[in-house]
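Number of protein chains: 2
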Amino acid sequence: DIIGAIRSALTEGPLKGKHILVTSGPTHEPIDPVRYIANRSSGAQGTAIAVALRDLGAEVSFVTGPADVPPPSGVKVIRVETAREMKDAVEAALPAEAAVFAAAVADWRVATENGSKIKKVKGELPTLEFAENPDILAGVSQMEAGRPRLVVGFAAETDDVVAHATAKRKRKGCDWIVANDVSPATGIMGGSENAVVLITERGADDWPRMGKDEVARQLAYRIADHLNGTDTSNAGRR
Amino acid sequence: DIIGAIRSALTEGPLKGKHILVTSGPTHEPIDPVRYIANRSSGAQGTAIAVALRDLGAEVSFVTGPADVPPPSGVKVIRVETAREMKDAVEAALPAEAAVFAAAVADWRVATENGSKIKKVKGELPTLEFAENPDILAGVSQMEAGRPRLVVGFAAETDDVVAHATAKRKRKGCDWIVANDVSPATGIMGGSENAVVLITERGADDWPRMGKDEVARQLAYRIADHLNGTDTSNAGRR
Numbered sequence: 001d002i003i004g005a006i007r008s009a010l011t012e013g014p015l016k017g018k019h020i021l022v023t024s025g026p027t028h029e030p031i032d033p034v035r036y037i038a039n040r041s042s043g044a045q046g047t048a049i050a051v052a053l054r055d056l057g058a059e060v061s062f063v064t065g066p067a068d069v070p071p072p073s074g075v076k077v078i079r080v081e082t083a084r085e086m087k088d089a090v091e092a093a094l095p096a097e098a099a100v101f102a103a104a105v106a107d108w109r110v111a112t113e114n115g116s117k118i119k120k121v122k123g124e125l126p127t128l129e130f131a132e133n134p135d136i137l138a139g140v141s142q143m144e145a146g147r148p149r150l151v152v153g154f155a156a157e158t159d160d161v162v163a164h165a166t167a168k169r170k171r172k173g174c175d176w177i178v179a180n181d182v183s184p185a186t187g188i189m190g191g192s193e194n195a196v197v198l199i200t201e202r203g204a205d206d207w208p209r210m211g212k213d214e215v216a217r218q219l220a221y222r223i224a225d226h227l228n229g230t231d232t233s234n235a236g237r238r
Numbered sequence: 239d240i241i242g243a244i245r246s247a248l249t250e251g252p253l254k255g256k257h258i259l260v261t262s263g264p265t266h267e268p269i270d271p272v273r274y275i276a277n278r279s280s281g282a283q284g285t286a287i288a289v290a291l292r293d294l295g296a297e298v299s300f301v302t303g304p305a306d307v308p309p310p311s312g313v314k315v316i317r318v319e320t321a322r323e324m325k326d327a328v329e330a331a332l333p334a335e336a337a338v339f340a341a342a343v344a345d346w347r348v349a350t351e352n353g354s355k356i357k358k359v360k361g362e363l364p365t366l367e368f369a370e371n372p373d374i375l376a377g378v379s380q381m382e383a384g385r386p387r388l389v390v391g392f393a394a395e396t397d398d399v400v401a402h403a404t405a406k407r408k409r410k411g412c413d414w415i416v417a418n419d420v421s422p423a424t425g426i427m428g429g430s431e432n433a434v435v436l437i438t439e440r441g442a443d444d445w446p447r448m449g450k451d452e453v454a455r456q457l458a459y460r461i462a463d464h465l466n467g468t469d470t471s472n473a474g475r476r
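If you read the protein sequences in the order shown, they are chains Z and A.
Heads up: the first sequence runs through residues 1 to 238, numbered per my numbering.
Heads up: the second sequence runs through residues 239 to 476, numbered per my numbering.
Just so you know, the hints here were simulated from the structure itself, not pulled from any lab data.
From a predicted model like this one, the values you see are computed outputs, not experimental measurements.
Treat each hint with caution, since some may be false.
Label-pair restraints from in silico Cβ distances [to be verified]:
id : chain 1 : residue 1 : chain 2 : residue 2 : range
1  : Z       : Arg209    : A       : Gly449    : 41 to 47 angstroms
2  : Z       : Glu144    : A       : Ala433    : 48 to 54 angstroms
3  : Z       : Gln142    : A       : Lys408    : 53 to 59 angstroms
4  : Z       : Gly190    : A       : Lys314    : 19 to 25 angstroms
5  : Z       : Arg209    : A       : Asp306    : 28 to 34 angstroms
Straight-line distance between alpha carbons at most 30 angstroms, and here's what the computed DSSO-like set of lysine-lysine pairs gives [stated by the list, open to error]:
id : chain 1 : residue 1 : chain 2 : residue 2
6  : A       : Lys355    : Z       : Lys117
7  : Z       : Lys168    : A       : Lys357
8  : Z       : Lys122    : A       : Lys406
9  : A       : Lys254    : Z       : Lys120
10 : Z       : Lys168    : A       : Lys355
11 : Z       : Lys168    : A       : Lys360
12 : A       : Lys254    : Z       : Lys117
13 : Z       : Lys120    : A       : Lys355
14 : Z       : Lys170    : A       : Lys358
15 : A       : Lys408    : Z       : Lys168
16 : A       : Lys360    : Z       : Lys170
17 : Z       : Lys122    : A       : Lys360
From the three backbone atoms N, C-alpha and C, an ideal C-beta is built for every residue, glycine too.
Turn these sequences into a full structure, and let the hints steer you where they fit.
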C-alpha cells in the first residue's frame, strides 16, 4: 500500500491538511490471562475508511483493536486491546475535524479480571461479574469543548436496523450513524461487502450493497463535502 | 510451503503412512451474533507440530479453530469454531495412530446463546449462564475401543506448571502432556518461542526455551520413536 501513501502525500484532495480520527476492529476484554470476550469485527470496514480518507488527503489517526486485517500505511496507527485503552487513545488523538467510530467496542468488561487462569473444577461453573465500559462515541459526541465538527458512529444491528440506529443517533448525540445488518445470514460480518443505511439529521439513506472499499469511498466523499460546506440535502453518492 | 508438501510426499520418513490427528488454535464460543468468548491461542505451536509430523511422513488431519496463523499445506484441514464442533470433527477424523491436542479449547460455553444481539440498557448488566463443554482430550484418552496408541495433551498454566500438568495427565488419562507457562511475562503466548515441560509416565522433562518450530520438531521425533518402538527411557532431544 506504499503507492497509496505516496499518492496521499502528493495529492491535493478535498481533505488535505484535515486531521480525522478513525477507530476500527474489535476490543478484547480479558477474563483471565488466557481467556477474553471479543466482538466479531475483522476491521475491514474501518481500515477501508481510513484508506479512503487518506486518499482524499486527510491526516488519519487510526486507533485499532486486534483486527484480522493489517492497518493501512500512510496513517498514524495506535494499537489497543480493551475499550478503556481505546478511550484513552481516542482522547490522546483529539482534537480532530471529524471522528469516525467504526470499532466494535465491547459494551461490558469483566469486573473482576483474574490474574491467574481460572481452573476448571468438575461440576462447578464460573460466574462472571460485568461492568459497563466507557461509551466512547457518546463521550466524544457530547464534548462541551473541542468536539470534532463531525462525529460518525456505527451501529451493528440484527433486527429493526433503521429504528435502532435512529434511536442510537439521538441517544449518543453523534451527527451520523452508519448502520448495518450483521445477521449471520447477510454474510456481511467477515465478508468483503456491506449494505449500510446512513442515518443523518435528514433521515435514513439506504445504500445498495457494495464492496466495503466502495462504502468507505462514498463515506469519505460525504465527510469531505460536509467539512467543506459542500454538503447539500440532495448530495448523492458518487 | 509447497516445498514442504512435496518433500513430505516424497519422503520415506519415520512416520510414513501413519495417520496422526492434530488439533490447533482457539475455540470461539458465541454469546450472541456479534460477541463471543475466546481463548488466547495464535495456533502457531499446533501448526508447527502439524508441519513437523508431515515432514516426517505422517498423514496429518488438522482440526483447527479460528487461528491467527494459516494452516499448513500438505495436511487435511478441518475448520471449526466451537468446542462442540471440534469434538465432532475429532471423532470424524479418528481412527489415528496418535493424536496431539494442541488446541486451546474453551472449558465452558454460554448456556443460553442469544439469537439476537444483546442490547445495552443503561444501568443494566448482562448475566451469562455457562455450561461445561465436552472434554475432548479426556474423551479420546478414555476410549474403550479404537483409542490412538499415543494421546498427547497440552496444558497452558500460569503457576505450578509441573504439578498442575502432572495432575492433568492422570485426570485425563492421556499418555503425555506438553505443559507450558503462559503467564504474560513469559511472552510465549503470541510469540515465536516456547518453553515446555514434557510430562510422561516417566516424569517431567524440562526442555530449554527454543523456537516453536524446534519444539514441534523435537516432539515429532519423540512421537515417531514412540510409535516405532524406538523410544527408550534415555531418549533425548535431537
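Hint by hint, here is what the structure shows:
1. Under the hint 41 to 47 angstroms, the C-beta atoms of Arg209/Z and Gly449/A, about 45 angstroms apart, fit the expected range.
2. Restraint check, Glu144/Z to Ala433/A: a C-beta distance of roughly 52 angstroms satisfies the suggested window 48 to 54 angstroms.
3. Separation of Gln142/Z from Lys408/A is about 58 angstroms and conforms to the stated range, judged on CB atoms against 53 to 59 angstroms.
4. Separated by about 23 angstroms at the C-beta atoms, Gly190/Z and Lys314/A satisfy the suggested range of 19 to 25 angstroms.
5. Against the hinted window of 28 to 34 angstroms, the Cβ-Cβ separation of Arg209/Z and Asp306/A comes to about 29 angstroms, which satisfies the hint.
6. Distance hint between Lys355/A and Lys117/Z is fulfilled; the C-alpha atoms sit about 28 angstroms from each other, no more than 30 angstroms.
7. Restraint check for Lys168/Z and Lys357/A: satisfied, since their Cα atoms lie roughly 11 angstroms apart, inside the 30 angstroms limit.
8. At roughly 12 angstroms between alpha-carbon atoms, Lys122/Z and Lys406/A fall within 30 angstroms of each other, so this suggested pair holds.
9. Only pairs whose Cα atoms come within 30 angstroms are accepted, and Lys254/A paired with Lys120/Z is rejected, the gap being roughly 38 angstroms.
10. Note on Lys168/Z and Lys355/A: the hinted pairing holds, with a Cα-Cα distance of about 15 angstroms set against a maximum of 30 angstroms.
11. The hinted pair formed by Lys168/Z and Lys360/A meets the criterion: a straight-line CA distance of about 12 angstroms does not exceed 30 angstroms.
12. Taking the CA atoms of Lys254/A and Lys117/Z, the gap is about 39 angstroms. The hint is violated against a cut of 30 angstroms.
13. Taking the CA atoms of Lys120/Z and Lys355/A, the gap is about 28 angstroms. The hint holds against a cut of 30 angstroms.
14. Proposed proximity of Lys170/Z and Lys358/A is supported: the alpha carbons are some 15 angstroms apart, at most 30 angstroms.
15. For a cut-off of 30 angstroms, the pair hint linking Lys408/A to Lys168/Z is broken: about 53 angstroms separates their Cα positions.
16. Of the pairs offered as hints, the one joining Lys360/A and Lys170/Z holds, with about 15 angstroms between alpha carbons and a cut-off of 30 angstroms not exceeded.
17. Of the pairs offered as hints, the one joining Lys122/Z and Lys360/A is violated, with about 36 angstroms between alpha carbons and a cut-off of 30 angstroms exceeded.
Checked against the numbered hints given earlier, this structure breaks hints 9, 12, 15 and 17; the rest are met.
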